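Given next are the chains, with one letter for each unit.
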Amino acid sequence: MIFKKFSIENKKARDLIPQAITVLALLSVIIYFATNAQINMGNRGISFGFGFLNQEASFDITFSMIEYDGSHSYGRAFLVGLLNTILVSAIGIFFATIAGVIVGVSRLSDNYLIAKVAEWYVEIFRNIPLILQIFFWYFAALRALPLPENGINFNDISFLTIKGWYVPKFIWTNFNIFLLSVIAAFVAIYFINSYATKQREQFGKQLPTATISLSTLILLPLITFLFLGVSLTFEYPVLKQLSPTVYTYEGGVSIIPELIALALALSMYTATFIAENVRAGILGVSKGQKEAAASIGLTKNQILKLVVMPQALRIIIPPTTNQYLNLTKNSSLAAAIAYPDIVLVFAGTALMQTGRAIEIISITMLTYLTLSISISIFMNWYNKKMAIKEK
Amino acid sequence: MMKSIKTWILVGFASLLLVACGQGGGGAGSKKSKTLDNTKKAGFVKCGVSQGLPGFSNADASGNWSGIDVDVCRAVAAAVLGDADKVKYTPLSAKERFTALTSGEIDVLARNTTWTLSRDADIGLTFVGVNFYDGQGFMVRKNSGINSVNDFKDGISACTNTGTTTELNMRDFFNSKNIKYEPIAFEKADEVVQAYDAGRCDTYTTDKSGLAAQRTKMSNPDDHKVLPETISKEPLGPVVRQGDSVWEDIVRWSLNTMIEAEEYGVNSSNASSLKDSENPAIKRLVGSEGELGAAFGLDNDWSLRIIEQVGNYGESYKKHIADTGILPNRGPNQLWTKGGILYVPPAR
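Protein sequence lines correspond, in order, to chains A and B.
Mapping the first sequence onto numbering that gives the first Met the number 0, position 251 (from 1) lands on 250, and the numbers just tick up by one.
Mapping the second sequence onto numbering that gives the first Met the number 0, position 137 (from 1) lands on 136, and the numbers just tick up by one.
Heads up, a few of these hints could be off.
[Said to hold, decoys possible] Here are the in silico distance ranges between beta carbons for each label pair:
1. A:Asn382 with B:Lys232: 55 to 61 Å
2. B:Ala60 with A:Phe169: 50 to 56 Å
3. B:Lys216 with A:Leu231: 43 to 49 Å
4. A:Lys239 with B:Ser218: 24 to 30 Å
5. A:Ile38 with B:Ala60: 43 to 49 Å
6. B:Asn149 with A:Ser214: 58 to 64 Å
7. A:Pro128 with B:Ala60: 21 to 27 Å
[Unchecked claim] Covered by chain B, according to a simulated footprint, are these stretches of chain A (three or more residues, beta-carbon under 8 Å):
8. 51 to 61
9. 230 to 244
10. 336 to 346
These are computed hints drawn from the structure, not numbers from a lab.
Since the model is a prediction, treat every value here as computed from it, not as a measurement.
The beta carbon of each residue, even a glycine, is placed where N, CA and C say it ideally should be.
Just need the whole structure built from these sequences, with the hints factored in.
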């Protein structure tokens with residue numbers, strides 16, 4: 000009986016054969032390349048291994064979100080680069096989304112001037128190569144900024160100079176309690192919202208959820224300040240003279256110009272594509288839907304929020320996911336302007352100092368893959384959440 | 000402009016090459032040189048150089064390379080192929096250079112590269128000698144009032160190149176002085192110059208020869224000066240792949256020949272007339288005594304061709320470094336007989 004199952008007459012078995020051959024061929028190609036690389040590296044006296052990750056890196060990095068100096072390991076330097084990549088991507092995605100939505104909606108505006116300005120913005124910024132925009136924001140804008148001693152002064156608490164944007168540093172006491180209160184506020188908001196949904200679906204009652212949520216988010220942390228010993232003080236940047244003509248700021252936090260230029264270029268560039276997605280999404284909702292909504296007496300805001308946006312989002316989300324992925328990958332251009340992202344720090348300096356090209360490039364590729372897949376998974380989840388739910 | 004992408008592609012390709020190319024790049028210990036055979040077959044020497052460092056390796060408007068590093072490539076080509084012009088130059092960033100060499104994309108790396116233990120021993124490379132003794136220094140603006148490294152204070156920002164020994168030396172230096180500094184490391188020298196020139200950083204640190212060369216690119220070169228201190232040893236020299244000892248010897252002795260020729264006063268104009276010299280050392284250099292070339296499978300005129308077509312070390316230095324105003328004073332790069340530290344083993 001069992002022979003019949005695998006015989007050539009059996010369609011299932013027949014279909015399996017080409018697939019099995021493909022997998023085998025693919026595997027043998029991978030094994031061939033791997034062994035070949037091993038032999039070649041052996042011949043050239045290159046060893047393969049990841050032990051270097053524990054060695055002392057002995058180079059410094061301008062900007063790090065975790066404690067780091069040259070006495071830490073290459074592994075730690077990798078982490079610094081990774082966090083910097085995530086930081087600039089997150090900032091870029093945030094501003095690109097906001098700018099993209101505003102520009103996309105503006106393009107559909109009835110106001111001729113607004114629509115035209117939005118159109119020109121899209122046409123200009125999406126048609127200039129990103130690397131040129133990065134250089135433009137970095138070198139052109141950098142040269143326009145003043146030296147520290149003439150820094151642009153924001154009320155004596157913040158200064159914008161060629162060496163960076165110096166802002167006050169937050170000094171917390173009992174930060175943990177504050178953080179807990181914020182988390183508690185979000186949990187409360189979640190329950191308030193699901194309660195409100197239930198009320199609406201069962202009894203048709205509209206609760207002012209937005210107002211309640213906002214006040215929860217403000218009140219709960221406020222209580223920790225008043226009664227639970229949380230306090231916040233600021234450390235302001237102060238001008239410091241290094242030599243007769245060289246100045247810098249001491250104290251506070253310095254947002255380096257490389258980060259500003261890169262985040263600016265990435266968001267301005269990606270916003271154009273998101274704007275087009277938004278426009279396509281809104282235009283994709285048929286006019287009849289809006290008219291039907293208006294005829295049952297919904298207000299303009301309600302039409303946008305309850306009828307147009309839920310349907311438009313389904314068109315907007317998938318291509319916007321692509322833009323988020325592009326932005327993250329494009330952040331690797333950071334190396335050109337010395338922003339210490341993973342490519343500059345790890346696939347650059349660390350690769351040079353250790354000479355472990357295959358190991359480091361593999362790790363870097365794997366890291367970008369993981370980042371991209373994480374964004375994809377999140378956006379697919381969001382897309383599913385927004386999809387039509389048949390009732 | 001698309002530097003980063005290019006770098007990626009290059010490094011990627013180089014890794015792929017390493018992965019994909021046939022086995023047995025250079026059988027260690029064998030008398031025959033695979034690299035030499037391949038070079039003769041190809042008809043040119045594959046040489047890795049910088050992306051543009053005046054005096055060392057720099058291309059003019061029509062794409063002709065010149066510099067003292069380029070002269071090492073030319074010497075090898077003259078010795079091996081009989082024509083110093085038969086060189087294919089590959090401009091490489093600091094980051095790409097070693098991968099390009101180990102993967103076989105180039106056979107000689109002459110790119111102002113510092114000889115260090117870990118590079119020599121750890122990553123499949125062999126340094127064959129030193130063609131320029133350099134040291135790391137600092138450049139500052141003249142009006143800054145900084146006259147020595149002792150004037151540096153906490154908070155100073157320093158620009159440099161990534162992937163270089165400079166980046167490591169800078170840390171050692173500031174740590175030893177207990178100064179907190181802001182390191183800003185760019186991938187390409189041109190961007191370092193632009194950022195320093197714009198005022199992003201207070202000082203620019205790299206090898207002193209590099210500082211002297213880059214100063215000429217500033218918008219106003221006279222506004223800048225190099226501080227007197229030297230904070231590191233930077234012996235720069237050509238590099239080959241590990242495992243082909245014959246090729247290694249050819250490159251090493253091509254460089255040594257240029258230095259030895261200067262020591263014995265043999266130069267591009269008098270070399271051929273010295274065939275009947277009284278001095279056996281000179282006769283060996285111009286190929287009229289001994290069978291030295293046979294040791295690496297070359298004919299006996301290999302060294303004569305180097306001297307005739309490329310010149311001796313002194314000629315090369317004068318033409319590329321001194322006459323261009325980069326470093327008129329030879330300093331340590333003077334012959335040992337004249338107070339410098341250039342000293343090569345005898346060619347015999």
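We went through each hint and held it up to the structure:
Roughly 59 Å separates the CB atoms of Asn382 of chain A and Lys232 of chain B, a value that falls within the hinted 55 to 61 Å. Between Ala60 of chain B and Phe169 of chain A the CB atoms are about 54 Å apart, so this pair conforms to the stated range of 50 to 56 Å. For Lys216 of chain B and Leu231 of chain A, the hinted distance range of 43 to 49 Å is satisfied, since their beta carbons lie about 47 Å from each other. At about 27 Å, the beta-carbon gap between Lys239 of chain A and Ser218 of chain B stays in the expected band of 24 to 30 Å.
Checked against the given bound of 43 to 49 Å, the beta carbons of Ile38 of chain A and Ala60 of chain B, roughly 44 Å apart, stay inside it. The beta-carbon spacing between Asn149 of chain B and Ser214 of chain A, approximately 59 Å, falls within the hinted interval of 58 to 64 Å. Pro128 of chain A and Ala60 of chain B have their C-beta atoms about 25 Å apart, which keeps the hinted 21 to 27 Å range intact. Against chain B, the stretch 51 to 61 of chain A contributes 5 residues with a C-beta closer than 8 Å to a partner C-beta. That satisfies the three-residue criterion, and the hint holds.
Counting residues of the stretch 230 to 244 of chain A whose CB lies closer than 8 Å to any CB of chain B gives 5, so the stated coverage by that chain holds, three being the minimum. For the stretch 336 to 346 of chain A, the stated coverage by chain B holds: 6 residues have a C-beta nearer than 8 Å to a C-beta of that chain, and at least 3 were required.
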